[in-house]
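Take the given structure of chain A and dock chains B and C to it, following the hints.
Chains as they are written, first to last, in this note's numbering: chain A, 1 to 241; chain B, 242 to 878; chain C, 879 to 1126.
No lab work stands behind these hints, which were simulated from the structure alone.
A hint or two may mislead.
[Said to hold, decoys possible] Taking CB as the label site, the calculated pair distances span:
| hint | chain 1 | residue 1 | chain 2 | residue 2 | range |
| --- | --- | --- | --- | --- | --- |
| 1 | B | Asp590 | A | Gln110 | 32 to 40 Å |
| 2 | C | Pro1067 | B | Glu608 | 35 to 43 Å |
| 3 | C | Arg903 | B | Ser564 | 48 to 56 Å |
| 4 | C | Gln921 | B | Lys493 | 31 to 39 Å |
Being a predicted model, the structure only gives us computed values, none of them experimental.
All C-beta atoms, glycine included, are put in the ideal place defined by N, C-alpha and C.
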Amino acid sequence: MSTLSTLKQPASLPAHLTQTSVGKKILTAVTGFIAFGFVFGHMVGNLQVLIGQDQYNTYAETLQGLGALLWVIRGFLLLAFGIHIWLGIQLKLENWAARPVAYKNETTQQASLASRTMIWTGLIVVSFVIYHLLHFTVRTTNPEYADLTDSLGRVDVHSMVVLGFSSYLISAFYLLSVGLLCYHLSHGVASMFQSLGLNSPKWQKRLDVLAWLAAIVLFAGYAAVPVAVMLKLVSLPGGGI
Amino acid sequence: MKLDAKTPSGPIADKWEKHKFDMKLVNPANKRKYKAIVVGSGLAGGSAAASLAELGYNVDCFCFQDSPRRAHSIAAQGGINAAKNYQNDGDSVYRLFYDTVKGGDFRSREANVHRLAEVSVNIIDQCVAQGVPFAREYGGLLSNRSFGGAQVSRTFYARGQTGQQLLLGAYSALSRQVGLGNVKMYPRTEMLDVVLVDGHAKGIVVRNLATGKVSSHAADAVVLATGGYGNVFYLSTNAMACNVTAAFRAYKKGAAFANPCYTQIHPTCIPVSGDYQSKLTLMSESLRNDGRIWVPKAEGEKRAAGDIPEAERDYYLERKYPSFGNLAPRDISSRSAKEVCDEGRGVGDTGFGVYLDFADAIGRLGEPVIRERYGNLFDMYERITGENPYKTPMRIYPASHYTMGGLWVDYNLESNIPGLFVIGEANFSDHGANRLGASALMQGLADGYFVLPYTIGDYFARVGAKNIQPDGAEFKEVEKAVEERTRKMLSINGSRSVDSFHKELGKIMWENCGMGRNKQGLEKALQEIPALRERFWKDVKVLGDNSEMNLSLENAGRVADFLEFGEMMCLDALDREESCGAHFREEYQTEEGEALRNDKKYSYVAAWEYQGNDKRPALHKENLEFEFVKLATRSYK
Amino acid sequence: MNLILKVWRQKDARDKGRLETYEARNISEHMSFLEMLDVVNEQLVGEGVDPIHFDHDCREGICGTCSLVINGSPHGHQKATTTCQLHMRHFKDGETIYIEPFRAKAFPVIKDLVVDRSAFDRIMQAGGFVSVNTGGVPDANAIPIPKEDADKAMDAAACIGCGACVAACKNASAMLFVGAKVSQFAHLPQGKVEREKRARAMVSQMDSEGFGNCTNYYECEAVCPKEIKVEVIAKMNREYFRAATTKI
Chain A
1 MSTLSTLKQP ASLPAHLTQT SVGKKILTAV TGFIAFGFVF GHMVGNLQVL IGQDQYNTYA
61 ETLQGLGALL WVIRGFLLLA FGIHIWLGIQ LKLENWAARP VAYKNETTQQ ASLASRTMIW
121 TGLIVVSFVI YHLLHFTVRT TNPEYADLTD SLGRVDVHSM VVLGFSSYLI SAFYLLSVGL
181 LCYHLSHGVA SMFQSLGLNS PKWQKRLDVL AWLAAIVLFA GYAAVPVAVM LKLVSLPGGG
241 I
Chain B
242 MKLDAKTPSG PIADKWEKHK FDMKLVNPAN KRKYKAIVVG SGLAGGSAAA SLAELGYNVD
302 CFCFQDSPRR AHSIAAQGGI NAAKNYQNDG DSVYRLFYDT VKGGDFRSRE ANVHRLAEVS
362 VNIIDQCVAQ GVPFAREYGG LLSNRSFGGA QVSRTFYARG QTGQQLLLGA YSALSRQVGL
422 GNVKMYPRTE MLDVVLVDGH AKGIVVRNLA TGKVSSHAAD AVVLATGGYG NVFYLSTNAM
482 ACNVTAAFRA YKKGAAFANP CYTQIHPTCI PVSGDYQSKL TLMSESLRND GRIWVPKAEG
542 EKRAAGDIPE AERDYYLERK YPSFGNLAPR DISSRSAKEV CDEGRGVGDT GFGVYLDFAD
602 AIGRLGEPVI RERYGNLFDM YERITGENPY KTPMRIYPAS HYTMGGLWVD YNLESNIPGL
662 FVIGEANFSD HGANRLGASA LMQGLADGYF VLPYTIGDYF ARVGAKNIQP DGAEFKEVEK
722 AVEERTRKML SINGSRSVDS FHKELGKIMW ENCGMGRNKQ GLEKALQEIP ALRERFWKDV
782 KVLGDNSEMN LSLENAGRVA DFLEFGEMMC LDALDREESC GAHFREEYQT EEGEALRNDK
842 KYSYVAAWEY QGNDKRPALH KENLEFEFVK LATRSYK
Chain C
879 MNLILKVWRQ KDARDKGRLE TYEARNISEH MSFLEMLDVV NEQLVGEGVD PIHFDHDCRE
939 GICGTCSLVI NGSPHGHQKA TTTCQLHMRH FKDGETIYIE PFRAKAFPVI KDLVVDRSAF
999 DRIMQAGGFV SVNTGGVPDA NAIPIPKEDA DKAMDAAACI GCGACVAACK NASAMLFVGA
1059 KVSQFAHLPQ GKVEREKRAR AMVSQMDSEG FGNCTNYYEC EAVCPKEIKV EVIAKMNREY
1119 FRAATTKI
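Bound-form chain A, shown alone:
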């Protein structure tokens, strides 16, 4: 197949994945899958708050104990998130450019609201994640958390979480953001399969259901912690705040 086409085609796999429409789509799906894996794992970690202070602080310490490996994982996740966000923004800009004149009368046939708001749900979640990191990981917003220790002298992340979610404002923002994240995933999880070529008319409906199930499970899992704190099902060791 030799045509006179003077178009330059990408020369390597990374180039294919970052320079062509289909490649970018595949890469978005792959990085989305990594992010989804993180979101799921993070939920499992969070739920340990409900078991108790000891369990959760042990879990936190184990993570911290990974040392250099933790930084490798963090770097990997950050890269995946970064690529996912960067591609999302780039694709959106290209998509806007692809239709310079809008329809006066536009209707939607079957595209879900979630699919049409991916960029917005995605960007809001990003802003939340930044706050969330500043809040609990870097602790810039609440430096007082840094001094909390438990009876074994470990960093008391359990109390930090309870204290954090005791603020209705923070909990509300958290719930909203997690809700949007799950809404994002209600399209994203099914979309991921399609982008990776793993779809058929028979599976299309099933994947949609699967995506919604995943979104609901994640939302329930994430919401459990702040809700438990606000309902005082989980509290500080002393029983008071």
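Here is chains B and C on its own, set in the frame of chain A:
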């Protein structure tokens, strides 16, 4: 004018082989010195342009559609014949040849038809290699169906979209050559005239339909693959823009036009629903296997079909042709429908329709079986008419469908103008007075893939590369004439739209030169058409200007040519005082109403030569000799 | 019935264009949508107004020439129906109908409702074929093809190249069109020889034409008059990944 068919001598099965050897060749290294213009990108044009480019010639290809993929070959439904004998049912090249000559009612050229049957087998191979998804059996081999006029299963098909798939195959081959730079494609470009240099066709003048720009293009030969002229009836199963202009312009430059009166009327189309109707849609003939055709016995019947008792229905085909019944051949069924409607017994709002009733079949076999057999056709019928054919009978009526006539060509597919080749439906050569089902696709691809690429090479080798440029006096003169004609149409600024003239012409043609023709009607039409033409040139209203996309202007040029062409069609029908195939002269029929051929007097191709505006064209006759097939009367008893 | 039409009029590519309002009077429910426009055009010509330009040809739903976005949906809201096969019985007396051209950067307007879809041809020229010359090919039955594969190829090959998928896609993406052709050949042994080159070439050309990206809205599938499924896009994604990981 001398019409030399240049048919090779020798046994029928060896003629093409011998001719291929006798033809001159162009050395591979010299091919790039030659350029061919191909007008039209359907099955014939698309396949020819691709094949010529593959050989190494330079090709310029033109189509008026916005893409070569949209040519009207795409609409063919049923299939394509080929003498593969994959079914082991006794098919052979000779049988396909014989069926085609007989189906054409012995009015085609034997040698051309035999070659068509010979190369039919190559077409299927070629299309499969291109990735055309023909229907297959579970064992993985190709599937066949049977079709009218044949007792063997030799029709290959791709669902109900065979034409589409074959065209997309040719289009993919063409696209590949465009990508390689061997074909320069000019879409949205309409040919308005052919240019002769020293008596040879060496170029064309075209109008870019998007910008209005008129320009000249030169080449060493011109190939017309511009389809048929069924739209002379205004309403037909052809696409809206199908037209006779390219062929008619060539005729005006001296190319003979052969057998224009051979037009095929298909019996099962969805009837006209009102004056606004713009086109007719074909329903597969296979429906007649299970449907019963009837009209009310009484004139002016107003009751709904279901309320008319059995005793008051006239199943006229079953009555008149007890042995064939509803499966009577195309021309007989079409004419019978016309008769009962002319008697005032037609159904539907317009009175031009007959019932095709599935109630009996549904009662006998059950709705699921009928749905299984015809579901997609029933859906299409409902989409267009809004009626549910499972509940009420379908209404059908015949419609103009295919034109066997066309520019006269010799065995090389070259017209009497040297260097002007005509292929596909645009020529007259292979179908005689009637075309069999699934043979149009076969002919288009045979011409384009396997005949023209050889014969055009012989012409090139004989005359040599001329490297003509499109700026000579011959080109300027034609360009000027084209622009003058356009200016004239734009300046009339009368009171009637182009379409209104086209509709009026269509009515004249349909009534007098349609399914049944007679002397009186044809003479009447020959009075009316020139008068209509005169009114057109005085009173047509074409808005806009020439330097932009202008659909009325495009259409006006086409209708103007139809207004002249229709007259020639009537002349031809009047001249042919016999009935043969689709040409039915009411004066010449047997007692049972069958076509009555007159082989002694009319076994010839009528080739008409232009003599000047408003002058009667001259008739030239190419006598048809049947060396291998015995002339016989077609019988459906 | 009588209708109000809001029709996009644009003299040429440079003109900004605007919606104009016309009345369509005495429209029969049996007319096709294009016949209704024919009637309006006859009226306009009578009044000395340039008729509304729109693309159309076969009027039986197979050539892919007709387009139009009718009330916000390419080819109107009837399922599996092209504009030329859409009939007026699906509209109500007195209804206002919006008629706009297919909108995409890759489909520039030529005039009124007529757009230039030659980008599709260029994508086909880049790789939408099997590289065989005329003649010298094996017998058609030399390579058996499982019926399921032939049927799948035919499902994809049913595409009429109308561009409704692009017009409906919120991103003006051409993935359904390209996916259909890539899938057709990927299902057939004839097409497998060049599968990697084809996927690369067609995707590159598609990208260079300025079509948007696929974000899996599936609007294309909903409006496709030939009901081509987004499965073909999934197949193309697999083919492309295969091509991206194969040395050519």
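Lying within 31 to 39 Å: is that true of the beta-carbon distance Gln921 (chain C) to Lys493 (chain B)? holds, 35 Å
Look at the Cβ atoms of Arg903 (chain C) and Ser564 (chain B) and judge whether their distance stays inside 48 to 56 Å. Holds - the Cβ-Cβ distance for Arg903 (chain C) and Ser564 (chain B), about 52 Å, lies within 48 to 56 Å.
Holds or violated: the 35 to 43 Å window for the beta-carbon distance between Pro1067 (chain C) and Glu608 (chain B)? Holds, at about 39 Å.
CB-CB spacing for Gln110 (chain A) and Asp590 (chain B) relative to the 32 to 40 Å hint: holds, 38 Å
In summary, this structure violates none of the numbered hints.
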